[in-house]
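> Sequence:
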Amino acid sequence: MDTEVESKMDIPQSMQAELSRWNDGKGINLENWIRCEGSFPLAVGYASIFWPEFVQCHGYIVRKGIALETIRGFAHQQGSTRRSVE
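Position 78 of the sequence shown, counted from 1, bears residue number 104 in our numbering, the numbering being contiguous throughout.
Derived from the structure by calculation, the hints contain no laboratory data. Even glycine gets a Cβ: it sits at the ideal position worked out from N, Cα and C.
So the derived label-pair ranges between C-beta atoms look like this: (1) P38 / S65: 18 to 24 Å; (2) G99 / C62: 43 to 49 Å; (3) I87 / I37: 27 to 33 Å; (4) D36 / Y86: 30 to 36 Å.
Start from the sequences and build out the full structure, keeping to the hints where you can.
Spelled out as structure tokens, the structure:
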């Protein structure tokens, strides 16, 4: 069950149990499970829930909906940089 996906993350025990049920108990790796169970529309749906939208605001790339006062507050802190504000 060695794949590039698995080497980059720890698979929770509950997910390992799901993977091991496949192929008459022989198991399946995470990447192949995603290919079997997943779909592009489902991925887009989850991304809209779990991945924030970003916008450009006064020269910064920030999460959509952040208040301008918040950006200014970070920007005016001593030693702040564009990176620390974003």
